[in-house]
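Sequences are here, hints too, so could you generate the full structure?
Protein chains: 2
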Amino acid sequence: MRGTILHAPGDVRSETLPDPTIVEPTDAIIETSATCVCGSDLWPYRGINKFDKPWAIGHEYVGVVREVGSDVTTVKPGQFVIGSFFASDNTCPHCRAGYQSGCEQLVSMTGCQAEAIRIPLADGTLVATPEAPSDDMLPDLLTLSDVMGTGWYAAKAAGVAPGHTTVVVGDGAVGLSAVLAAKQLGAERIIIMSRHADRQAVAREFGATDIVEERGKEAVAQIKELTNGVGADSVAECVGTQESMTTALDSARQGAGVGFVGVPHDVKIPMGRLFRNHVRLQGGGAPVRGYLPDLIDRVYAGDFHPGLVFDLKLPLAEVAEGYRAMDERRAIKTFLIP
Amino acid sequence: MRGTILHAPGDVRSETLPDPTIVEPTDAIIETSATCVCGSDLWPYRGINKFDKPWAIGHEYVGVVREVGSDVTTVKPGQFVIGSFFASDNTCPHCRAGYQSGCEQLVSMTGCQAEAIRIPLADGTLVATPEAPSDDMLPDLLTLSDVMGTGWYAAKAAGVAPGHTTVVVGDGAVGLSAVLAAKQLGAERIIIMSRHADRQAVAREFGATDIVEERGKEAVAQIKELTNGVGADSVAECVGTQESMTTALDSARQGAGVGFVGVPHDVKIPMGRLFRNHVRLQGGGAPVRGYLPDLIDRVYAGDFHPGLVFDLKLPLAEVAEGYRAMDERRAIKTFLIP
Numbered sequence: 276m277r278g279t280i281l282h283a284p285g286d287v288r289s290e291t292l293p294d295p296t297i298v299e300p301t302d303a304i305i306e307t308s309a310t311c312v313c314g315s316d317l318w319p320y321r322g323i324n325k326f327d328k329p330w331a332i333g334h335e336y337v338g339v340v341r342e343v344g345s346d347v348t349t350v351k352p353g354q355f356v357i358g359s360f361f362a363s364d365n366t367c368p369h370c371r372a373g374y375q376s377g378c379e380q381l382v383s384m385t386g387c388q389a390e391a392i393r394i395p396l397a398d399g400t401l402v403a404t405p406e407a408p409s410d411d412m413l414p415d416l417l418t419l420s421d422v423m424g425t426g427w428y429a430a431k432a433a434g435v436a437p438g439h440t441t442v443v444v445g446d447g448a449v450g451l452s453a454v455l456a457a458k459q460l461g462a463e464r465i466i467i468m469s470r471h472a473d474r475q476a477v478a479r480e481f482g483a484t485d486i487v488e489e490r491g492k493e494a495v496a497q498i499k500e501l502t503n504g505v506g507a508d509s510v511a512e513c514v515g516t517q518e519s520m521t522t523a524l525d526s527a528r529q530g531a532g533v534g535f536v537g538v539p540h541d542v543k544i545p546m547g548r549l550f551r552n553h554v555r556l557q558g559g560g561a562p563v564r565g566y567l568p569d570l571i572d573r574v575y576a577g578d579f580h581p582g583l584v585f586d587l588k589l590p591l592a593e594v595a596e597g598y599r600a601m602d603e604r605r606a607i608k609t610f611l612i613p
Numbered sequence: 276m277r278g279t280i281l282h283a284p285g286d287v288r289s290e291t292l293p294d295p296t297i298v299e300p301t302d303a304i305i306e307t308s309a310t311c312v313c314g315s316d317l318w319p320y321r322g323i324n325k326f327d328k329p330w331a332i333g334h335e336y337v338g339v340v341r342e343v344g345s346d347v348t349t350v351k352p353g354q355f356v357i358g359s360f361f362a363s364d365n366t367c368p369h370c371r372a373g374y375q376s377g378c379e380q381l382v383s384m385t386g387c388q389a390e391a392i393r394i395p396l397a398d399g400t401l402v403a404t405p406e407a408p409s410d411d412m413l414p415d416l417l418t419l420s421d422v423m424g425t426g427w428y429a430a431k432a433a434g435v436a437p438g439h440t441t442v443v444v445g446d447g448a449v450g451l452s453a454v455l456a457a458k459q460l461g462a463e464r465i466i467i468m469s470r471h472a473d474r475q476a477v478a479r480e481f482g483a484t485d486i487v488e489e490r491g492k493e494a495v496a497q498i499k500e501l502t503n504g505v506g507a508d509s510v511a512e513c514v515g516t517q518e519s520m521t522t523a524l525d526s527a528r529q530g531a532g533v534g535f536v537g538v539p540h541d542v543k544i545p546m547g548r549l550f551r552n553h554v555r556l557q558g559g560g561a562p563v564r565g566y567l568p569d570l571i572d573r574v575y576a577g578d579f580h581p582g583l584v585f586d587l588k589l590p591l592a593e594v595a596e597g598y599r600a601m602d603e604r605r606a607i608k609t610f611l612i613p
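Note that the protein sequences, when read in sequence, are chains A and B.
If you read the first sequence in our numbering, its first letter stands for residue 276, the second for the next number, and so on.
If you read the second sequence in our numbering, its first letter stands for residue 276, the second for the next number, and so on.
Restricting the straight-line Cα-Cα distance to at most 30 Å, the calculated cross-link-like pairs of lysine-lysine (DSBU-like) are: (1) A/K588 / A/K325; (2) A/K499 / B/K543; (3) A/K492 / B/K543; (4) A/K543 / B/K499; (5) A/K325 / B/K543; (6) A/K543 / B/K325; (7) B/K458 / B/K492; (8) A/K543 / B/K543; (9) B/K492 / A/K543.
Part of the chain A face toward chain B, derived, beta carbon under 10 Å: (10) S376; (11) E379; (12) V505; (13) G506; (14) M520; (15) F535; (16) L549; (17) F550; (18) N552; (19) G558.
So the derived label-pair ranges between C-beta atoms look like this: (20) A/F326 / B/K499: 30 to 38 Å; (21) A/E500 / B/D410: 49 to 57 Å; (22) A/A476 / B/S345: 55 to 63 Å; (23) A/A436 / B/E489: 38 to 46 Å; (24) B/E489 / A/D541: 31 to 39 Å; (25) B/G461 / A/P568: 27 to 35 Å; (26) B/E463 / A/P568: 27 to 35 Å; (27) B/E463 / A/T385: 36 to 44 Å; (28) A/P352 / B/P545: 42 to 50 Å; (29) B/F326 / A/R551: 17 to 25 Å; (30) A/A476 / B/E299: 46 to 54 Å; (31) A/A595 / B/G461: 53 to 61 Å; (32) A/R371 / B/F326: 45 to 53 Å.
Hints are computed from structural coordinates only; laboratory data are not their basis.
Values in this document were obtained by computation on a predicted structure and should not be read as measured data.
Ideal placement from N, C-alpha and C gives every residue a C-beta, glycine not left out.
Printed below as a string of structure tokens:
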């Protein structure tokens with residue numbers, strides 16, 4: 276089958292790989308209907324996250340079950356399914372508390388930019404859709420595997436509630452998804468920090484009411500001005516750098532929530548400021564599994580289109596161009612068709 | 276009048292000072308019924324927090340209104356009142372959001388270990404009790420001015436909810452108050468870290484179900500064992516050191532809340548661990564003003580005795596002995612009678 280190998284920074288290739296097979300009785304094999312490139316794939320692609328040997332990359336997927344292991348009971352061959360970028364048992368105490376991304380049996384998915392994928396812990400990980408989707412629903416459904424679920428967690432961790440003024444730091448696909456999540460969760464005013472016209476357009480479509488093009492202190496001053504000097508009720512930090520975290524913390528009003536989903540890269544928290552501002556900070560890898568049933572329902576209800584974050588569609592064989600386009604910011608997010 | 280001056284580390288004196296007078300029309304003057312020494316007073320007393328000149332110390336008080344400024348409308352002479360260690364207007368957006376300790380007009384109280392005190396922003400700061408309390412209610416009511424309100428905030432920021440297993444790090448008066456708060460908020464199991472028999476006894480009285488005498492990694496191992504390897508649902512960090520914060524974070528289950536009220540002294544947050552564990556972190560100076568009406572009601576209802584944290588009662592003139600006893604851990608908390 277066709278899969279994707281990251282050989283070295285900047286060197287990603289579509290290759291013929293062995294077909295996956297059932298290894299554990301709790302596994303399932305799916306035939307991929309769609310996969311995509313994640314902003315986090317760019318960290319190793321750009322050589323910022325180090326790695327020492329070629330590896331099968333990709334962690335977002337939707338597809339049709341081809342085969343299940345002998346212990347799998349909740350999904351069956353032929354069903355269209357979505358799973359998170361983390362496999363989880365969905366039964367341990369952390370899963371039951373709603374943190375499937377902290378599962379005792381957690382497996383980080385990889386090798387998903389491929390025609391077929393082995394899914395560990397299939398019963399816990401996969402959720403079948405009510406019926407097979409039409410092709411034009413695939414982009415919306417594929418986002419639920421990571422990017423939309425991650426934006427959803429950013430908004431939930433930030434404590435977005437009806438009537439809120441919410442700030443979103445980061446205009447990548449996750450930041451844009453956080454805008455959509457904030458809108459769905461009832462935020463009244465949604466301020467996104469963005470300098471790119473294409474991303475601003477998607478943000479507006481998703482419900483952003485204000486766009487701040489400044490960065491750093493100027494951005495914070497602008498947000499304070501937009502909020503009568505008070506600051507935001509909730510802030511989604513969707514980048515993972517010191518600058519983005521500082522901006523997020525400084526944009527928050529007293530006692531606001533800051534949800535952070537950008538994997539922190541050398542980020543330090545100013546404890547004195549956190550103490551003085553009473554900011555409620557929560558982050559991490561999103562417990563996407565827990566959100567899937569609700570988010571699938573929203574997609575099937577017909578008025579929820581997170582798939583708008585995809586602005587480049589390519590055959591899986593052209594995955595390398597998909598990475599290049601995102602690296603060069605010619606594309607927000609690349610959709611890949613096996 | 277008699278007041279208290281901290282001249283230098285270890286040198287605190289009861290002295291005759293000028294009687295306070297109304298300065299702003301929003302001020303009130305109260306005659307102190309009781310005051311006390313706070314664990315945080317020990318930071319400058321021990322020379323850890325630096326200061327360059329003698330200053331009037333103390334920030335916890337209850338008393339009777341002697342005089343009010345021309346703009347004060349909510350309290351009047353003769354009423355028994357309690358206020359927070361922060362004066363606040365209780366009307367700004369941060370106060371309205373429940374963060375009076377982040378008020379736009381915030382004034383940190385000081386000079387309260389004295390026979391009379393000037394209270395700024397009296398309308399926002401002071402809450403009158405339903406009736407004049409009996410003498411034996413004074414300890415309970417005095418704790419609401421800081422220590423009990425701070426323990427309450429630690430528990431609220433930690434997200435304590437009915438059925439929780441809650442860990443309290445720190446067995447000072449605030450930690451003990453956090454135990455009582457967790458109990459009142461419905462925690463089922465309350466684990467406190469304490470090595471002192473006197474403090475353990477108060478903790479038990481307040482509702483602690485388990486006591487961990489270990490520290491650091493051994494303490495975390497013990498907590499994990501007590502929770503079937505899962506960790507606590509909520510953690511109150513009531514010390515403010517790196518060790519206490521690390522213990523708090525490591526004791527939390529996935530997605531647990533950690534409320535921190537110990538003023539951070541060179542504390543660094545391990546962002547990778549925070550990200551992996553999804554811990555929800557919130558701290559700061561407690562918004563005690565917001566809790567006063569509820570906590571006063573609990574005291575007047577008769578079955579809520581936070582005043583048990585006081586195990587030494589002295590005349591205000593003997594304040595120096597009150598500091599010494601706490602510094603040497605001969606006393607948990609010193610109650611002072613003007």
